[in-house]
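The task is simple: from the sequences and hints, build the whole structure.
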Amino acid sequence: MYDIRGYYEAETVREATELLRANPKLKIIAGGTDVLVKMHGGQLEDAELLSIRKIQELRDIRKLENGTIAVGPMATFTNVFNDQVVNKYVPILAEAAISMGGPQIRNIATIGGNVCNGATSADSASSLFALNARLKLQTFQGERVIPIQEFYLGPGKVDLKPGEVLTDILIYPEDYQGFGGQYIKFAMREAMDIATLGVAVLCKLDSGNFGEIRIGLGVAGPTPLRCVEAEEFARGKKISLETIGEIGKLAVKSTKARTSWRASKEYREHLVEELTQRALQTAIVRAGGVDFV
Amino acid sequence: MEAVNLRNVGHSIPKIDGLSIATGKPAYTEDLAMPHALVLKILRSPHAFAKIISIDTSKAERVEGVECILTYKDVPKVRFTLAGQSYPEPSPYDRMILEGVVRYVGDEVAIIAAVDEKTALKAMKLINVEYEVLEPVLDFEKAIGHPSVVHFEEDLTCNFDIGLHKEQNIVSSHEQAVGDVEKVLKDCEFVVEDVYYPQAQAHAMMETYRSFTYQDYMGRLVVVSSTQVPFHIKRQLARALQIPATKIRVIKPRIGGGFGGKQTGAGDVFAALVTLRTGKPAMIIYDRQETFSCTTSRHAMRIKVRLGADADGFIRAIDLEVLSDTGAYGEHASTVLSCVGEYTLPLYNKTKAVRIRGNAVYTNKMPAGAFRGYGATQGTFALESAVNKLAERLAIDPTEVRLKNISQKGETFLTGHGVQLGSTALDRCIKKGREMIGWKEKFPRQTLSGTKVRGVGMAITMQGSGIANIGTASAEIRLTDDGNFALLIGATDMGTGCDTILSQIAAEVLEVPLDKIYVSAGDTDTSPFDPGSYASSTTYLAGTAVLKAAEELKGKILDQGAKFLGASKENVIFEELSVRRIDGEGEISLAKIAEQTILGMGNLQLAAMATHGSQISPPPYVAGFAEVEVDVETGKVDLIDYVAVVDCGTMINPNLARIQAEGGIVQGIGMALFEEVRYSNLGKMETNTFMQYKIPCRQDVGNVRIAFEESYEPSGPFGAKSIGEVVANTPPPAIVNAVYNAVGVQVHHLPVTAEKVFLEMLKQQ
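First to last, the sequence lines map onto chains R and B.
If you count the first sequence from 1, position 76 lands on 76 in full-length UniProt numbering, and the numbers rise without skipping.
If you count the second sequence from 1, position 194 lands on 194 in full-length UniProt numbering, and the numbers rise without skipping.
Hints are computed from structural coordinates only; laboratory data are not their basis.
For every residue, glycine included, the Cβ atom is placed at its ideal position computed from N, Cα and C.
Incorrect hints may appear among the rest.
What the hints assert, rightly or not - Derived EDC-like pairs (lysine to aspartate or glutamate); straight-line CA-CA distance at most 16 Å: (1) B:K118 with R:D3; (2) R:K25 with R:D46; (3) B:K125 with R:E45; (4) B:K556 with B:E595; (5) B:K763 with R:E266; (6) R:K161 with R:E143; (7) B:K122 with R:D46; (8) B:K636 with R:E190; (9) B:K122 with R:D3; (10) B:K118 with R:D46; (11) B:K183 with B:D310; (12) B:K122 with R:E45; (13) R:K54 with R:E15; (14) B:K556 with B:E570; (15) B:K569 with B:E585; (16) R:K249 with R:E273; (17) B:K592 with B:D482; (18) B:K756 with R:E266; (19) B:K118 with R:E45; (20) B:K756 with R:E269; (21) R:K256 with R:E273; (22) B:K756 with B:E633; (23) B:K432 with B:E709; (24) R:K256 with R:E229; (25) R:K249 with B:E633.
Said to hold, decoys possible - Just so you have them, the derived chain R footprint on chain B, three or more residues with Cβ under 8 Å: (26) 691 to 697; (27) 747 to 759.
As the list claims (entries may be wrong) - Looking from chain B toward chain R, a few residues come up when the C-beta cut is under 10 Å (computed): (28) T451; (29) E633; (30) G635; (31) K636; (32) D638; (33) L673; (34) F674; (35) R678; (36) T687.
Here it is, written out as structure tokens:
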């Protein structure tokens, strides 16, 4: 049962921010695959919804002149998966997109909604963390741009201030150029499932050594996270199975995995160690390095 | 009747209702409900075991739009069972519509009837219940002798002795033994022993439980219900509501899946009670969470197996010891327990002694009930896992161990009371299956890389066709005034396609096109009696009833045609929808016969009714083969290939047989690999949505390949046996065995999850 008290539709960002200013209690609905499920389950009652589906400009995915990739938050997972810019420059985001739900959900669910829902299991989050994505948030009065790491505050909790609309997901050139990467979703089912663990690894090589690596994990803590210690360890190290193994072990140190019905803490930590190495090995190959498999 | 030159039987005719359902025509219970029907919601117990101290509905009753709120004070003080079984039911009368004691989280506390769902839910929140919380029995292995007694009431009764010891939480005990198992085991060269835990699988049918009730102009209670057992529901309601059965009519519309779940009542009593109290139409629809956690499931079990074989690899002794968790109420407890042995022990007949013994116990969890496979699924998992283990001990290929030991046509088996096996193609099923899967090349394992290992595993199974000496089915066929045929049946098509195949059987015998027959089914006012579609009965029993009725009616048509043609019956034949004299001196069309008998001065409607029951329950068979790929670093198991070769006797409709088999295999794959049931330590089911309770999706089931090896069952219609249940049984043991063959991990608790496999592999290192 959907207990919807009011429903508004904005056609421009300006209109959306005006409506939000007039009524800060409005709940933004994008694809609806989270909001409506919450309403159906009684976790969100008596809501007044603001739909931003009609705002065309929020759907675009484009490469700006300065090389920044700008992903419109209203791009659906199907849009993201099929997008040429994404596939050419940030393929780990396409890998994340296709791992989500099933075709019907991917056709309606949006990447912005995925981010704003604040779940540690968000399929886009590990990749966006690894890519150092920035979020542009607009209000009636102005805008701010913050790193995605700062946006996630806790389980289901994000730093979306009253009156704000997420209007762009930005990936700067220095965060994707020269990197190879892979996203691995580990789940109990091949589709229609929430990740037991999500692992996104990016890797840049420096003549046989690791230049820079980035490890983004989902469901390894209350929010998506980066494995800073492992990343710093890798810098400048020679690429070898031994180093990769050590990186896997260090990745576990950044996690705050807990036992839940999906997996025990111990098993999740094992998966972090194992899948980080796997994703890293693929990332090395995709960055033009040696194939260990 | 021989299966040769057939025009309808044996042909893949599309389901007669398929297009209507697929295009969304109003066909289901909710579609048929009156728009102004009262909406029912159930207030359910938050406690696993508690007494209701007080219940205050006054605030809730004052909510505008609330029609009535009923509690245990408002129901007849009579116990009944929701199990849809023939009278006298072997399930205990252990529940009331509502009671002052609640026995599991989700047990019913109050019924709220209101003008709409929102109002009913609003009222529900205003009901104030005070409970005295009792210590629940949650671990079924500790139920016997537990200080808490789940059913302490004095007025619990059974229709006959099922071995109930309620003070010990035993709802039923069972023992069947032929020969001296202990002695034979002692003499065996090889003995294997193991214990297996099949879980309380959910039916997960697409259409949840629902019921719509109203009173007709005569004051009779009409119940439109998504049920497999309309006649049983009628009898159940008569007892529970204490009204005469003549005052009740149950109608089964189209059903969106049952899988045995709808052989147990759910919701009908609540809607019916509200309609009787208010005189108004009422509808109850269980949501998905209620369907998962407040209805019934498969019986979770612990099955200890001991198998003994001689030096030549002949299985000489089988001993099964079963503990079955029936949950808070005993629906189907005794029969599912006995079926564990009933449908496994006859597989192997080189035995000198066999035994099954065990108990079904009450716990404070959701009741178990009927579920496709009905004990055979659990028994097959245990026995076949043990046979695979035995094969390894014997160092004989598992397929060869089966071929050496299975019962053959014309043979008897120890628990079979001397009845000879009328048909089996199981040997051909095994041989074909191992060829299809590539057994010789792949057994036991292939290492693909440092991280990926593939293994193959197999299992065989049987079921029954109907319940011997109990199951019955009736069918009536009428020649209508327009020269067509009305087929009246009590069998209940729940998506299985029985309306189609029963029409095919009638059309075959009557020698008319299928479109001259229309089906009227599942209405207790007009259908001839049939207990319903369960126990793999419909093709075998209802099919034979239809065949008999059609033969009788055809004789009557020939008689009547001959009379009109002035000939003796021997001198006429039926062809091209006419009765013709053999000498070519005249013919009369079916339409004309109909017209002249029924209308005007004919004064006769040609009709035939037949009832069929069987003293035997011929087994269909499946040989199942699984190939899995295990990721040795994560324990993740991917099913690559599943081959099932089925002997269901003659296939009445090959396409419908195939989809039954595919669906059953996938349901079995779910049980083997995905469907985990978890309770909190306070006894609340946690896996009560499709998000937590994982059924496999299309990408998870790999390549499911079905093949048939037909046999001819002399006692079945056109040689047919059953297919509905047997197909669900092989995946758990075959897949568990494939995982074992791949990485050496034997999983005893279903399902096989990545984490279990990985942690076991760690232990072995």
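Identify every previously stated hint that the structure contradicts and give their numbers, smallest first. No hint contradicted; all consistent.
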